[in-house]
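On the provided structure of chain R, position chain E as indicated by the hints.
So the sequence lines, in the order shown, correspond to chains R and E. If you use numbering that gives the first Met the number 0, the first sequence corresponds to residues 0 to 282, in order. If you use numbering that gives the first Met the number 0, the second sequence corresponds to residues 0 to 282, in order.
Some hints could be false.
Put simply, identical chains are the same to the list, so a pair is met inside one copy or across any two.
[To be verified] Result set (DSBU-like, lysine-lysine): computed pairs, CA atoms no more than 30 Å apart in a straight line:
#  : residue 1 : residue 2
1  : 80        : 269
2  : 206       : 87
3  : 276       : 260
4  : 269       : 238
5  : 269       : 127
6  : 150       : 238
7  : 276       : 87
8  : 165       : 276
9  : 165       : 206
10 : 113       : 276
11 : 113       : 165
12 : 150       : 269
13 : 127       : 260
14 : 87        : 150
15 : 238       : 127
16 : 238       : 276
17 : 238       : 87
18 : 238       : 257
19 : 276       : 80
20 : 206       : 127
21 : 113       : 238
22 : 238       : 206
23 : 80        : 260
Hints were generated in silico from the structure; no laboratory data involved.
Spelled out from the first residue to the last, the chains are:
2 protein chains.
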Amino acid sequence: MSFGTVAILGPGLIGGSLALALAERSLARQIRIYGRRDATFPAIRERLPLAELTTNVLDAVRDADVVILCVPIETMAPLVKQFAGSLKPTALVTDVGSVKESVDNEIAPLLANKALWIGSHPMAGSEKSGFAAARPDLFVGARIILTPTGKTAPEARERAETFWQKVGASVFTAPPFEHDKMVAHISHLPHLAAAALVNATDENHFKAAGPGFRDTTRVASGSPDLWTEIAWDNREKIKSAIATLVTELEHIKISLEKGDKSGLQQALQKAHDQRSKFLRSHL
Amino acid sequence: MSFGTVAILGPGLIGGSLALALAERSLARQIRIYGRRDATFPAIRERLPLAELTTNVLDAVRDADVVILCVPIETMAPLVKQFAGSLKPTALVTDVGSVKESVDNEIAPLLANKALWIGSHPMAGSEKSGFAAARPDLFVGARIILTPTGKTAPEARERAETFWQKVGASVFTAPPFEHDKMVAHISHLPHLAAAALVNATDENHFKAAGPGFRDTTRVASGSPDLWTEIAWDNREKIKSAIATLVTELEHIKISLEKGDKSGLQQALQKAHDQRSKFLRSHL
Chain R
0 MSFGTVAILG PGLIGGSLAL ALAERSLARQ IRIYGRRDAT FPAIRERLPL AELTTNVLDA
60 VRDADVVILC VPIETMAPLV KQFAGSLKPT ALVTDVGSVK ESVDNEIAPL LANKALWIGS
120 HPMAGSEKSG FAAARPDLFV GARIILTPTG KTAPEARERA ETFWQKVGAS VFTAPPFEHD
180 KMVAHISHLP HLAAAALVNA TDENHFKAAG PGFRDTTRVA SGSPDLWTEI AWDNREKIKS
240 AIATLVTELE HIKISLEKGD KSGLQQALQK AHDQRSKFLR SHL
Chain E
0 MSFGTVAILG PGLIGGSLAL ALAERSLARQ IRIYGRRDAT FPAIRERLPL AELTTNVLDA
60 VRDADVVILC VPIETMAPLV KQFAGSLKPT ALVTDVGSVK ESVDNEIAPL LANKALWIGS
120 HPMAGSEKSG FAAARPDLFV GARIILTPTG KTAPEARERA ETFWQKVGAS VFTAPPFEHD
180 KMVAHISHLP HLAAAALVNA TDENHFKAAG PGFRDTTRVA SGSPDLWTEI AWDNREKIKS
240 AIATLVTELE HIKISLEKGD KSGLQQALQK AHDQRSKFLR SHL
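Just chain R, same shape as in the assembly (with noise of 0.2 Å):
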């Protein structure tokens, strides 16, 4: 199976790890990589020889019958203005940022009727950035979101499906707007618990961490910038997730301060039940 010319457009831990992943599995005709400088071109050359290599992006997507946008959310729709007059009109458009329905709302108008477009979002990443820590396994037994609306053509999203599976993932399918309130629950929300956990750590204390404390602020080594952008384009739905996860902690210390000591136990015990769920669920 060969996806043809596939387009990854930012070589950064997504992108370099999808060029890797269709290198490796033999699934593309010609993998094309657009990045803003060269800089990072010998170390990509290095890892895989046959790609193309282009700072040009007209020159990445010209007839390229997949577009992978791997560059930051708020770059995305001024690439996509260049290019969009360029493609072929069978192309599928894809991408991979965290927030949907803001890339939604700005993508789909500038690629209507010129070529297929349907967002993803591969709930894959590490707190490692950067090419250099691309792997082409980081697909494998991840979750994909694909984000289709009424306008998404049936023909993008089965191509989409399969592209994904083909690099090892699941997928599933929400609207924009469910998937930016839930990634704001189920990813972004940790993100911001883990930094503001250490943040409320005084340094002394780390001498009696163990690995409870080492797990629970895990994510909070991520980039602040890419988690910045990140957090930002979902602010509006992360702000309702904190809320409610304030609430949980203040119901908590509410149990501790009037002496319940049942209301604690409750809460620890639908705590451990909710999360043996989520672990079925993910076997």
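Same frame as chain R, but now just chain E:
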């Protein structure tokens, strides 16, 4: 090196692991284990054929050189009252409770002029419990916090330090109050935050969860009953730790509400940098 006759009161995960470590490393002339009921004795005898097992605490502590309280915190003082008058004056008594100020306030007066006393908190454990989960290497690489006070004999501190080092742990000290504040932030708060995070999450969103949610909430799968006891015993310090976390979360939320992107970036940057310090301190 031998610590003479060592009495372990309570053969659960910690007490059982300690007995196994002492036996494996030939650190005791005699190991005595006190259990409230003898139902667990056959399983203990199988792994510790030379240990003396008894349901009579006076038989366990008679002529003992070291006595370790490995029973639940709320049963420590009643137990010590039973045997305090039967100790050798040179006996070293310590415990493994995860809260220290209340334990020290209760136990120290009971043992004054009767034996040497110092509190210990092994930062070791598992989400499993009971003798079945015990293993001789539980303390290898673990950190032990000793909690001396102004009344602690230097000899108690030195002997306890050597004792824990010989089973593989590294030891540091903190006064009981400081210890409780420290673990409220570094151990208890991450547990409660993980539980609150799970409780703040709609189970319909679990399908979108990635490794960030999984790791940030891992400890929420710990025993609700065990963690209720731990949090309950340290509730004064935990209340203020929760308040600190809520303040940090509100700080992030306010940045989002006010459109203060640089405030958000600074919070994430600070957390990132602090966590790097934590990682370096645990190399």
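How the hints compare with the structure:
| no. | hint | in the structure |
| --- | --- | --- |
| 1 | 80 with 269 | neither (49 Å within a copy, 36 Å between copies) |
| 2 | 206 with 87 | neither (58 Å within a copy, 35 Å between copies) |
| 3 | 276 with 260 | within (25 Å within a copy, 36 Å between copies) |
| 4 | 269 with 238 | both (24 Å within a copy, 20 Å between copies) |
| 5 | 269 with 127 | between (33 Å within a copy, 17 Å between copies) |
| 6 | 150 with 238 | within (28 Å within a copy, 50 Å between copies) |
| 7 | 276 with 87 | neither (45 Å within a copy, 50 Å between copies) |
| 8 | 165 with 276 | within (28 Å within a copy, 40 Å between copies) |
| 9 | 165 with 206 | between (45 Å within a copy, 20 Å between copies) |
| 10 | 113 with 276 | neither (44 Å within a copy, 50 Å between copies) |
| 11 | 113 with 165 | within (25 Å within a copy, 72 Å between copies) |
| 12 | 150 with 269 | neither (40 Å within a copy, 42 Å between copies) |
| 13 | 127 with 260 | between (41 Å within a copy, 22 Å between copies) |
| 14 | 87 with 150 | within (19 Å within a copy, 82 Å between copies) |
| 15 | 238 with 127 | within (26 Å within a copy, 34 Å between copies) |
| 16 | 238 with 276 | both (26 Å within a copy, 29 Å between copies) |
| 17 | 238 with 87 | neither (40 Å within a copy, 61 Å between copies) |
| 18 | 238 with 257 | both (28 Å within a copy, 11 Å between copies) |
| 19 | 276 with 80 | neither (44 Å within a copy, 43 Å between copies) |
| 20 | 206 with 127 | both (24 Å within a copy, 24 Å between copies) |
| 21 | 113 with 238 | neither (36 Å within a copy, 58 Å between copies) |
| 22 | 238 with 206 | between (33 Å within a copy, 22 Å between copies) |
| 23 | 80 with 260 | between (59 Å within a copy, 26 Å between copies) |
In terms of the numbered hints stated before, the structure departs from hints 1, 2, 7, 10, 12, 17, 19 and 21, listed from lowest to highest.
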